[in-house]
Every structure is written in C-alpha cells, then in structure tokens.
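Quick note on numbering: the sequence shown equals residues -20 to -1, 1 to 262 in mature numbering (1 follows the signal peptide of the UniProt record, and there is no 0).
Treat each hint with caution, since some may be false.
Said to hold, decoys possible - Restraint ranges, calculated between C-beta atoms of paired labels, are given here:
hint	residue 1	residue 2	range
1	LYS2	THR54	28 to 34 Å
2	ASP89	ARG137	17 to 23 Å
3	ALA259	PRO172	41 to 47 Å
4	THR16	ALA259	34 to 40 Å
5	GLU175	GLU246	41 to 47 Å
6	ALA257	GLY26	17 to 23 Å
7	PRO11	GLN57	32 to 38 Å
What the hints assert, rightly or not - With a straight-line cut-off of 25 Å between C-alpha atoms, the simulated SDA-like cross-links for lysine to any residue are:
hint	residue 1	residue 2
8	LYS18	ILE113
9	LYS18	LEU6
10	LYS15	THR96
11	LYS53	PHE251
12	LYS2	ASP59
13	LYS15	ARG103
14	LYS193	TRP238
15	LYS29	LEU249
16	LYS67	TRP238
17	LYS161	ARG103
18	LYS31	ASP66
19	LYS224	ILE113
20	LYS31	ARG103
21	LYS254	PHE208
22	LYS254	GLN69
23	LYS67	LEU141
24	LYS193	HIS138
25	LYS90	GLN69
26	LYS2	PRO34
27	LYS109	VAL221
28	LYS15	LYS109
29	LYS67	LEU6
30	LYS173	ARG219
31	LYS15	SER91
32	LYS30	ARG103
These aren't lab readings, by the way, just hints derived from the structure by calculation. Note that the structure is a prediction, hence the values are computed from the model and not measured. Even for Gly, the Cβ is constructed at its ideal location relative to N, Cα and C.
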Amino acid sequence: MQKRIYTFLLLFLCILTAEAAKVDTLVIQSPSMQKTLKAGVVTPEGHGKKKNGPYPVLYLLHGYSGNFSNWLKTPPQKDLLQSMADKYQLIIVTPEGGFSGWYYDSPLDKSSQYETYITQELRQEVERKYSTISDRSGRFISGLSMGGHGALYLSARHPQLYLAAGSMSGALNVSRIESDKLLESIEALLGPKQENQELFRQRSVVHMVPQLKASGVKLMIDCGVDDFLIEDNRELHRRLVYEKVPHEYIERPGAHTWAYWGNALEYHLLFFQKVRAEALAQ
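The task is simple: from the sequences and hints, build the whole structure.
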C-alpha cells in the first residue's frame, strides 16, 4: 500500500513538473556581430498547445558585467521567471547584452551591435520559434541598471516595437558616469568622452525625453531610495513631468541589489498587464 502511494505521488509530481513553465536556451547566430549568442526563453504552462496563445513577450535585460542567464539564476527566488510567466501568461526572453555592451550599436566596435541584435535578430528568431503576439500590442521591454537604460533607450529608438518599457535602477545618464571602469566601457563603444560629449549626451536616456514623448510608449521607472543611481532616476522623472509625458514612477526602500530587482519585477508585470488591457479596450 505504501509503495502504491509513493508511486502515485511520484507520478503526480512528474505531471506537475511537466505542466510548469519551461526554460529554453536559444543559440542565435548574429549577422550584425558575426558571432553566436545565447538567450533564455521562459514559456508559460500550456505553450505549444493549439488552443493556447499567442502570448505577449517581455524582453528582460541584464546589467553591466552580467549575461543572459542572470535573470534566470541570480534572483533570491530561483524560479522567479517561471512563476511570473505562468502567473501573467506571457513569454519572458532574457537576451545577451554583453559584459558592457550598453545595448548600443557601437560605431567603433563591430562586435558590439546589441541594438540591432535585440530589436531585429533575436526578436525575429523568438517570433519564428514561439507562439508570440508579433506586433507592438504584445511586446514589452524592461531591465535592471545597464539594462534599465537599455530598455528605455531601445523603446525610444524603436517605438514601433514596444507597447511599454520599464527601468529598474536604471543607469539613465551615461554622460554623467565617472567611475573609471564604467566610463572606460562606454568609451570603448562611443570613443573618448572629452572628444564625443555630444554623442554621449545623445546616448543618455535623460536627454532623450523628446523621443520618449513622441514614442507613445508607456513608461515605468523604478528605483530604490538607497540606490547610487537614484538621482539620475529622479532627474528623468522631473524632466518627464515637466514635458507632461505620462509615466509611472516608483521609489521604494532598497539599494542596487538583486533583492530589490527580484521584488520589482512583478510591479513591472502588473504595469504591463494594465497597459495591455487598456490598449485592448480601446
């Protein structure tokens, strides 16, 4: 009898595991960078069944010195993306953005063309392989730190692709970065700061409010009050308010940590869900 109960429980556990969100690793050849890159793809329970989908897609960007697997492995809740994919019934893609790619197409480094890679090459591969809503109404982008900058930067430059964009602890003013390592990483992409100050300004989200305003992309900015980037986030908030750009702005207790970002993700998903519901109701 005990053996039969054990077998039943084991079978039940296998069924639950089979029905849970699934994590894939895509291997993608990037024509723009002439190299192979990886991306994580989390699909909700039921993806692939004819009666389900298509699903909205969130592109979730990592920070400086990170890689595509950070969001899958590092949050305190280890199954965070799987649980969020199931709860909100969407696909979550974690792209590779390079150790210090800043989500730019570098005019100097042809091996660092992450804007083209994410907005074109990766997107097209995801939409070819998965059951996605392949238009703006079902596509979102967010990220942390360097990835928060990247999400807002890409949404401003490609508003036809994204319904909404979010930033967690975003490094939103690269023209003001003074840390030797961070500045060196940006100069490797854009050239020496002293000789390219206008380019640095153009590539800083705080100076892109006109583009953000014209984009029509719904925006969420989120930063901890103890984060060393809080003043840059407040400055973007002030500029958006001054220019009457609708957006959500959140400050909560917390610093530049995975504990903060792991908690912040659901706030972003709730915001995206609300924006999509409003768009569908129009």
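Satisfaction of hint between GLN69 and LYS90, Cα-Cα up to 25 Å
violated (37 Å)
Decide if the proposed pair is consistent with the structure: LYS254 and PHE208, CA atoms, cutoff 25 Å inclusive.
At roughly 30 Å apart (the allowed maximum being 25 Å), PHE208 and LYS254 break the hint.
Decide if the proposed pair is consistent with the structure: LYS15 and LYS109, CA atoms, cutoff 25 Å inclusive.
holds (20 Å)
Given the hint that LYS2 pairs with PRO34, test it: the Cα-Cα distance must not exceed 25 Å.
Holds - the C-alpha atoms of PRO34 and LYS2 are around 16 Å apart, at most 25 Å.
Determine whether the Cβ-Cβ distance between ALA257 and GLY26 falls within the hinted range of 17 to 23 Å.
holds (20 Å)
Given hint ILE113 paired with LYS18 - CA-CA distance at most 25 Å:
holds (22 Å)
Just to be careful, I want the Cα atoms of LYS18 and LEU6 compared with a cutoff of 25 Å; is the pair within it?
Given that 25 Å is the threshold and the Cα spacing comes to 5 Å, the pair holds.
Check the hint pairing LYS15 with SER91 against an upper bound of 25 Å on the C-alpha distance.
With a Cα-Cα distance of about 8 Å, the restraint between LYS15 and SER91 holds, given a limit of 25 Å.
If you draw a straight line from the CA of LYS67 to the CA of LEU6, is it 25 Å or shorter?
Holds: LYS67 and LEU6 sit about 23 Å apart, inside 25 Å.
Below or equal to 25 Å on CA atoms is what counts here, so check LYS224 against ILE113.
At roughly 30 Å apart (the allowed maximum being 25 Å), ILE113 and LYS224 break the hint.
Starting from LYS109, check that the Cα of VAL221 is at most 25 Å away, please.
violated (40 Å)
Decide if the proposed pair is consistent with the structure: LYS53 and PHE251, CA atoms, cutoff 25 Å inclusive.
holds (24 Å)
Going down the numbered hints, you'll see the structure goes against 1, 14, 17, 19, 21, 25, 27, while the others check out.
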